[in-house]
Amino acid sequence: MPVSTEKMVKVFGRPASLTEARFTYCPGCHHGILTRIIAQTIDELGIVERTVGIAPVGCAVFAYLWYRCDAIQASHGRASAVATGVKRANPNLIVFAYQGDGDFASIGTAESIHAANRGENITVIFVNNQVYGMTGGEMAPTSLVGQKTTTTPDGRDPALFGYPIRFSEMIAQLDAPVYVTRQALYDTKRIMDATKAIKKAFTNQLEGKGYSLVEVLATCPTNWRMKPTEANKHVAEVVTKVFPLGDLIDRG
Amino acid sequence: MGKRMLLRGNEVIAEAAIRAGCQCYFAYPITPQAELLEHMAKNMPRLGRTFIQAESELAAINMVYGAASVGVRTMTSSSSPGISLKQEGISYLAGSNLPAVIVNIVRGGPGLGDIAPAQCDYFQATKGGGHGDYHMIVLAPSTAPEAGELTMLAFDLADQYRTPVMILADGMLGQMMEPVELPEPIDIASLPVKEWATTGAKGRDPNVILSFDLDPEVLKKMNLALQKRYRQIEAKEVRYEEAATEDADILIAAYGTVARIAKSVVRMARAEGIKLGLFRPITLWPFPYQPLKELAGRVKTVLTVEMSAGQMWEDVRLAVAERANTPFYGEMGGVVPTPRRILSEVRKHAS
Ligand SMILES: Cc1ncc(C[n+]2csc(CCOP(=O)(O)OP(=O)(O)O)c2C)c(N)n1
Ligand code: SF4
Chain H
130 MPVSTEKMVK VFGRPASLTE ARFTYCPGCH HGILTRIIAQ TIDELGIVER
180 TVGIAPVGCA VFAYLWYRCD AIQASHGRAS AVATGVKRAN PNLIVFAYQG
230 DGDFASIGTA ESIHAANRGE NITVIFVNNQ VYGMTGGEMA PTSLVGQKTT
280 TTPDGRDPAL FGYPIRFSEM IAQLDAPVYV TRQALYDTKR IMDATKAIKK
330 AFTNQLEGKG YSLVEVLATC PTNWRMKPTE ANKHVAEVVT KVFPLGDLID
380 RG
Chain U
14 MGKRMLLRGN EVIAEAAIRA GCQCYFAYPI TPQAELLEHM AKNMPRLGRT
64 FIQAESELAA INMVYGAASV GVRTMTSSSS PGISLKQEGI SYLAGSNLPA
114 VIVNIVRGGP GLGDIAPAQC DYFQATKGGG HGDYHMIVLA PSTAPEAGEL
164 TMLAFDLADQ YRTPVMILAD GMLGQMMEPV ELPEPIDIAS LPVKEWATTG
214 AKGRDPNVIL SFDLDPEVLK KMNLALQKRY RQIEAKEVRY EEAATEDADI
264 LIAAYGTVAR IAKSVVRMAR AEGIKLGLFR PITLWPFPYQ PLKELAGRVK
314 TVLTVEMSAG QMWEDVRLAV AERANTPFYG EMGGVVPTPR RILSEVRKHA
364 S
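Chain order of the listed sequences is H and U.
When we follow my numbering, the leftmost residue of the first sequence carries the number 130, and every step to the right adds one.
When we follow my numbering, the leftmost residue of the second sequence carries the number 14, and every step to the right adds one.
Hints may contain errors.
[Unchecked claim] For lysine-lysine, the following DSSO-like pairs were computed, each having C-alpha atoms within a straight-line distance of at most 30 Å:
no.: 1; chain 1: U; residue 1: Lys234; chain 2: H; residue 2: Lys338
no.: 2; chain 1: H; residue 1: Lys338; chain 2: U; residue 2: Lys215
no.: 3; chain 1: U; residue 1: Lys234; chain 2: H; residue 2: Lys325
no.: 4; chain 1: U; residue 1: Lys234; chain 2: U; residue 2: Lys249
no.: 5; chain 1: H; residue 1: Lys362; chain 2: H; residue 2: Lys325
no.: 6; chain 1: H; residue 1: Lys277; chain 2: H; residue 2: Lys328
no.: 7; chain 1: U; residue 1: Lys313; chain 2: H; residue 2: Lys139
no.: 8; chain 1: H; residue 1: Lys328; chain 2: U; residue 2: Lys215
no.: 9; chain 1: H; residue 1: Lys338; chain 2: H; residue 2: Lys325
no.: 10; chain 1: U; residue 1: Lys313; chain 2: U; residue 2: Lys249
no.: 11; chain 1: U; residue 1: Lys55; chain 2: U; residue 2: Lys207
For the record, the hints were derived by calculation from the structure and aren't laboratory data.
Please build the complete structure, drawing on both the sequences and the hints.
Structure, rendered in structure tokens:
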């Protein structure tokens, strides 16, 4: 039976700020959901013409392909420093850095902390999937105790490699940041919460309030060797015990 | 021209950068370039421009990368160990076709070395200190006034060729006070608009700054484009100075501070009847191979003098290509060769 489109109401669509380029992410990977949320936020705030995205080195290296805004591909770990340079050179631009946990919380530790400590008026999205996705599943600074990775084949031993780093908590100790929060994407509620948090992080910047950090607990089904549904469950039941969800500071 | 001022080389470079329209400066403290950082710290904010004391040289060069992407004139400065830390960032700047100015006030190395003047970073500066097939233009002033001129030029060349440009000097030049007359500041608004910059995709397709492509054929094309530009730079931007070369039968090849010292050696040698001349590369990359090659055909000896174990010496020998003898005299560790010591080397080779 032919369906009349006239009676249909559009409740969901592709964000205008997303390009047609196909994601390079594996099936079930949260990078894809997160990319969509950011694009939708850019749409809602009407800022695509003044946004500059900073792509990291990691699975999100191609992030410059997915948004209809200007973009810069940064060296591994330095996206927050690059974002600083962009924002200081042209404060009218809306700048977001998108960084994995290896990028943001290991090799880029100094740049991440000091951009936050200067209170740079930027938005940082920090994707915590507890693993180095792009290079084949090595240990990340955020890997859980006992987590098996290609470089911790017997599980992460804290005696040798320390504990998962709660980087957002470290940033939340600083005086300058206005908003630091940890979100997840494992079910609809969390996706809606994360969407709100990301919108707030961009709005803070638009209003000139300063540094906002949204940490997002994400899955890497490929390197976790789990089905996407198992991976979501793992975040909900295990990962959030080590990395509790919620706002760490909100001075907005 | 502005009024005459008594300034250190480091301050001259800083002030020239400001007058060249440098809008964003990022650096981490290190001796012997502290005065440069201090001059920028004092003056950039007053002008409504950006000064950040970065958390490290890595951060500084990546802030430069961001500012350059937005299309503004930007600079960082450091000294040898700090410049080593910047190498990945410089490679990214080159690969992403970004204009930027990097100042290296070289000190003794390797490792922590010392803080005395040296020329031991020539290889790193001219042969591509970071990874990948790239070059940057390297300008080597030998006096404070020239440091000012070359800094202004560096910003123009960086923009024109969309490439990082390095000012390679040393602590002697950085610290020495000299009377300097700096050119008037440029009008920033008159600079050509950089259509490629990430200034917001308004009324145009998005601009992307990157040095990356996983397809080898595409990356090869990006490399070929770089190489094509390097050939243009080699053809058009070679700069050098000759002094007393017309009747010379022995030449000193030297750059920067050593070339300045060598000028007095030329006078001393001439007073003893030795026909000594000086060949001074101003662009270390592109190196003035051709002019040196032509000169080498007219002299018996080209004596390279450097504050290194013989780094530029390799380029001198490439240029001279056995047309003349190519002895070397170098000092290391921050020891500055005296005119007398250089003269005694010259005497050894003057028949
Ligand atoms: C200087 C440097 N060191 C190492 C690498 C190799 N490398 C690429 S991606 C990556 C890890 C990325 O992991 P993460 O930031 O967690 O992002 P994910 O891939 O998991 O999204 C590494 C080590 C590099 N490109 N550059
Ligand atoms: S490797 Fe992991 S993080 Fe990378 S795209 Fe695949 S699932 Fe996502």
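These are the hints, each one checked on the structure:
1. U:Lys234 with H:Lys338: Distance of about 43 Å is beyond 30 Å: violated.
2. H:Lys338 with U:Lys215: Holds, at roughly 24 Å.
3. U:Lys234 with H:Lys325: It is violated: about 43 Å lies between the C-alpha atoms, which goes past 30 Å.
4. U:Lys234 with U:Lys249: holds, 23 Å
5. H:Lys362 with H:Lys325: Holds. H:Lys362 to H:Lys325 sits at ~22 Å (cutoff 30 Å).
6. H:Lys277 with H:Lys328: Answer violated: H:Lys277 to H:Lys328 is near 34 Å, above 30 Å.
7. U:Lys313 with H:Lys139: Violated: U:Lys313 and H:Lys139 sit about 85 Å apart, past 30 Å.
8. H:Lys328 with U:Lys215: holds, 21 Å
9. H:Lys338 with H:Lys325: With Cα atoms ~17 Å apart, H:Lys338 and H:Lys325 stay inside 30 Å; holds.
10. U:Lys313 with U:Lys249: holds, 29 Å
11. U:Lys55 with U:Lys207: Distance of about 29 Å is within 30 Å: holds.
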